Amino acid sequence: MSARTIWPGIAIVIAFVVGGILTFAFGNDPITAYRALLSGSFGDVYSIASTLVVTLPLAITGIAVAFSFRSGLFNISAGGQYWLGGIAAAWVGYAVKLPAVLHIPLAMLAAVAAGALWGAVIPGLAKAYRGAHEVITTLMMTYIATDFGHYLLEGGPMQAPGYTPQSPPMQPSAIIATLVPGTQLTWAILLVPVIAVLAWFVLQRTSLGFSLRLAGYNLRAARYAGVNPVAAVLTALAISGGLAGFAGSIQVLGVDRRLFDGFDPSYGYTAIVVALLARNGPFGVLLAAILFGALDTGASQMQIVANVPFNLAGVIQGIIIFFIAAEGLLRYFRRRRSAPAAEPRAAAAE
Amino acid sequence: MREPPPTPAERPHETVLEVHGLTKTFPGVRALDGVDFDLARGEVHAILGENGAGKSTFMNVLYGLLRPDSGDIRLWGQPYAPASPNDAVAAGVGMVHQHFMLIPALTVAENVALGAEPRRRGALDLERVVARLEELSEAFGLEVPPRARVADLSVGMRQRVEILKAFYRDARLLILDEPTALLTPQEVRELFRVIPQFTERGVSVIFISHKLAEVSQIAQRVTVVRRGKSVDTRPTAGATPRELARLMVGRDVDLQIPHPEVEPGAALLEVRGLRAEGLEPLDLEVREGEIVAVAGVEGNGQEPLIGALAGLLPAQGEVVLDGRPIHNLSVRKRVESGLGLIPSDRQDEGLVLPLNVAENLALRQYYRPPFGRGGLLDLGYWLERATAAVERFDVRPPAPRAKASALSGGNQQKVVLAREILGEPKVLIASQPTRGLDIGAAEFVHQQLLELRGHKRGVLLISLDLDEVLGLADRVVVLYRGRAMGELTRAEATREKVGLMMLGHQDAEEAA
Chain A
48 MSARTIWPGI AIVIAFVVGG ILTFAFGNDP ITAYRALLSG SFGDVYSIAS TLVVTLPLAI
108 TGIAVAFSFR SGLFNISAGG QYWLGGIAAA WVGYAVKLPA VLHIPLAMLA AVAAGALWGA
168 VIPGLAKAYR GAHEVITTLM MTYIATDFGH YLLEGGPMQA PGYTPQSPPM QPSAIIATLV
228 PGTQLTWAIL LVPVIAVLAW FVLQRTSLGF SLRLAGYNLR AARYAGVNPV AAVLTALAIS
288 GGLAGFAGSI QVLGVDRRLF DGFDPSYGYT AIVVALLARN GPFGVLLAAI LFGALDTGAS
348 QMQIVANVPF NLAGVIQGII IFFIAAEGLL RYFRRRRSAP AAEPRAAAAE
Chain B
7 MREPPPTPAE RPHETVLEVH GLTKTFPGVR ALDGVDFDLA RGEVHAILGE NGAGKSTFMN
67 VLYGLLRPDS GDIRLWGQPY APASPNDAVA AGVGMVHQHF MLIPALTVAE NVALGAEPRR
127 RGALDLERVV ARLEELSEAF GLEVPPRARV ADLSVGMRQR VEILKAFYRD ARLLILDEPT
187 ALLTPQEVRE LFRVIPQFTE RGVSVIFISH KLAEVSQIAQ RVTVVRRGKS VDTRPTAGAT
247 PRELARLMVG RDVDLQIPHP EVEPGAALLE VRGLRAEGLE PLDLEVREGE IVAVAGVEGN
307 GQEPLIGALA GLLPAQGEVV LDGRPIHNLS VRKRVESGLG LIPSDRQDEG LVLPLNVAEN
367 LALRQYYRPP FGRGGLLDLG YWLERATAAV ERFDVRPPAP RAKASALSGG NQQKVVLARE
427 ILGEPKVLIA SQPTRGLDIG AAEFVHQQLL ELRGHKRGVL LISLDLDEVL GLADRVVVLY
487 RGRAMGELTR AEATREKVGL MMLGHQDAEE AA
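As given, the protein sequences belong to chains A and B, one line each in that order. Counting in this note's numbering, the first sequence runs from 48 upward without gaps. Counting in this note's numbering, the second sequence runs from 7 upward without gaps.
Bound conformation, chain A alone (with noise of 0.2 angstroms):
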C-alpha cells in the first residue's frame, strides 16, 4: 500500500492522539471521553440510527462533491445546491396534493433538478464560456441559495402563518417513512449505498463517465479524444448539483418534514473534507461520513458522561481536515523542490 493510500488513516489516528492528549491536558481521561463516544455514537440502535441521521446527507453530499472532484471540477457549493433540493422539495411537499407513490418521488425529483440546474447553469455556463473559475461561483451561488432560502422563510411566499420562519409542514404523503421507530432514520439510508454504486459505474463503466473522467485528468487530452470540454463542465456540474440536491429532499422529507430557516448548509463544506478523506471514492465517502456522523453524535454523550467539551469533535474534524490539507501541501512544495532534478529523471527514465 503506498503512503498516499493509508494517509488518510494516519490522518485520523493523529486527529485523536491529538485528540487525547488535549482531553488529558485539560484535566479529563481521554479513555473514558472516548468510550462515550464510541456509546454515544454506536452503542446501541438508537445511537446508531442517529449517526447514520447525519451521516445520510453527508454522504450524498460527499459523492457530490466527489463527483465533481473527479471530473476536474472544484463544486464547493454543495451546501447551496442541498438548499435549493429543500426548498424545492418542501414546496412539492407541501403545496401539491398526490398519493404517496407519487408525491415522493415527485419532490425528490424536483430537488435534483433544481440542485442540477443551480450547480450547471450560471457556473457551469460561466466556466464553459468565459473562463469563470467555478470555486469562486459555486461560492457565491451558496450564499445566494441561503439567502434565497432565508427570504422565503422569512415573510416571503414560503412562510406558514405565524411568526416562526418556516414553511407549512409537509403532507403525509411526502414524508419518507422511518425505519427505526422512535428515531428521525428513515428507509431513505437504504439509498445511499445504491447512489455510491451507481454513482461509481458511471465513472467507471460508462462512456459518458469516461469523458468527464478524461476532462478532469487533463483538458487538453480530452479535446484531443473528441471530448467536447462545454458538455463535459455542464454534465458534471449538474449531476452534482443534482446529487447535493436530492440530499437536500431527503433531510426536508424525512428528517425535518418542513424546511427551517436553520436548514443546514454546512453539511456542503464538511463534505468536501468527507470526499478528500476519501481520496473521491465513492465508498471511501460512506466510510468517511459515518466517522464524521459518529463524531457528531457520540459528542453530546461524551460531554454529559465524560464532562468532556462537546466541541472536542469539532477539534477532531479539524485536526483531520488539517493534515489531509497539509499532506496535499506537502506534495506540493516536495514537487517544487525536487523540480530542478526532475529533467534528469525523467530522462534517466527513458
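Don't take each hint at face value.
[As the list claims (entries may be wrong)] Sample of chain A residues at the chain B side, in silico, Cβ under 10 angstroms:
no.	residue
1	ALA72
2	PHE73
3	ARG252
4	THR253
5	PHE257
6	ARG260
7	ALA268
8	ALA269
9	ARG270
10	TYR271
11	VAL274
12	ASN275
It should be emphasised that the hints constitute simulated quantities derived from the structure, not laboratory data. Fair warning: this is a prediction, and the values are worked out from it, not measured in the lab. All residues carry an ideal CB built from backbone N, CA and C; glycine is no exception.
Using the hints, position chain B against chain A.
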C-alpha cells in the same frame, strides 16, 4: 579576476577536467554507472549517447545541479564538488542548456547581466555591460545586438546570447547541451565556425550530442556513453559513423532510412486556403502512398496547422479528406472520417498519464462499438485489444494495465502510435513522432510510417529533425512564420535548400 586565459601555446596539454568512476542513482535507475572522462585545455570533447544514456545527468553533476553518489572529479587539478550552479560558475564552468534560459522581454545586455549586474551608485550600469559584451563579441566572433530584445532574435542568435552569458561570467569550460537541436543547417555551420575561436583562446568545450556526423566534424575526441557508462573514448579522426553508432546503441544499426518506391495514387487530403491564428492561408495535398513532410524551425506555424487540421483550433479554409469536406466537423467526426493524429506533446495531449495503457489505447474510440455499446464500456474488449497491441507494437513492459506514466518516453510514443495506426486512418498526421526517442524506437516509428505509406495511406509528417524529413518525405513543405515557403520534391530537397527556406528564403534557388 578577469585575467585573459593563457593561450594553449603557453601551457600545452594541460588537463582541465578529470572524472573517474562517477555514479548517480535515482530511484529505480542507475543514471550514471561509472563514467570516466577527461578534457584538455582548448579541446572540444564530444559526449555522444542516446536519450537517457546519462549525458544530461553527467552535465547536471558538472554544473552543480545534482550531487553524484560516488566518483572523483578534478577541475584544474583541484577536487571539484559544486553544490549549486553558482559554485560551478565561480569555478569557471559555463553551461548552455538545450532550452534557453533567457527572458524574452529583456534586452540582450539585460539578459547577460542578470544575476551579475554591475552597479554604479546603486543603479544598474548597463553601459558597462554593453561595453564588455561588445568586447566579448569581438574576441569570440559572436556578434549580437546588445540592445535588442531577446524576443525579437532568431534561435541561433539567442544561443549566442547564452554563450556570451557564460563568457561574461568568465567561463573557461563551456558545456554545450545538444546545441544544434533547434538550429537550421546554416546556423549550425555558423556555430561550428565560432567554436574553434573559443578553443583558440584557451576555452575547453564539452559538446553533447546524439548526432554522429556533427560530433566527427567539431570535436577532437569523443566519449560514447551508454546506459550510464562511458563505453569508449577515442579521437574522432578515423572513427566512422557506423562504429560510433554501434558503440552508442550496443548493436549494429541501419543509419539509412530505407525508402522503397511507392506509386502515389489519388489525393487523400486536400487543404485549400487553410488559415488560423499563426498560420497564413495554406494549400497542401497528400496523396495515397505519400509522406509529405512539413519542415521548419519550431514555432513557425506547425501547431496552428495541426490544430486547424484536427479541429482543435478555430480555423477557416477547406480541408477535404478522401473527397469529403471535414473542415466543419468536430474533432471526433474528423477521427471517424479517417484522420489520425500523433500530437507533438505525447505526455500532455497524446496520452492521459494517470490512465493505463488499455485506456489510452481506447482514448479516441471509447464511446463506440466495439469499445462501448449503449453508453456502457466493454472493458474486457479494451484489455483484449491492448494485450494484442502491446505485443504487435513491442511496448515494454507488455502490460495493458500499466499506467502510461510508468512507461519510458519511447514506449509512451509506441502506445500513441499503436492507437492511431489501429484506428486505420486514411491520413495520419504525425507531429515530431520521434522527438526524444532513442535510435531503436525512432527506427520503429519510421518503419510504421513507411508501412502506412506502403498500404496506400497518406502521412503528413511534421518534424523539426531535418534528417527525418529528408529520409522519409516524398515531398517537403517548409513553414516559416506561418507561411509555406514553397514545396520541394524528394529529389529537389537538399539539406541546403530546405535549410535556407527554413530561414525564410522564399525561393531556395535565388537565395543559393
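Against the structure, the hints:
no.: 1; hint: ALA72; in the structure: 41 angstroms, violated
no.: 2; hint: PHE73; in the structure: 45 angstroms, violated
no.: 3; hint: ARG252; in the structure: 6 angstroms, holds
no.: 4; hint: THR253; in the structure: 5 angstroms, holds
no.: 5; hint: PHE257; in the structure: 5 angstroms, holds
no.: 6; hint: ARG260; in the structure: 8 angstroms, holds
no.: 7; hint: ALA268; in the structure: 5 angstroms, holds
no.: 8; hint: ALA269; in the structure: 8 angstroms, holds
no.: 9; hint: ARG270; in the structure: 6 angstroms, holds
no.: 10; hint: TYR271; in the structure: 5 angstroms, holds
no.: 11; hint: VAL274; in the structure: 8 angstroms, holds
no.: 12; hint: ASN275; in the structure: 7 angstroms, holds
Going down the numbered hints, you'll see the structure goes against 1, 2, while the others check out.
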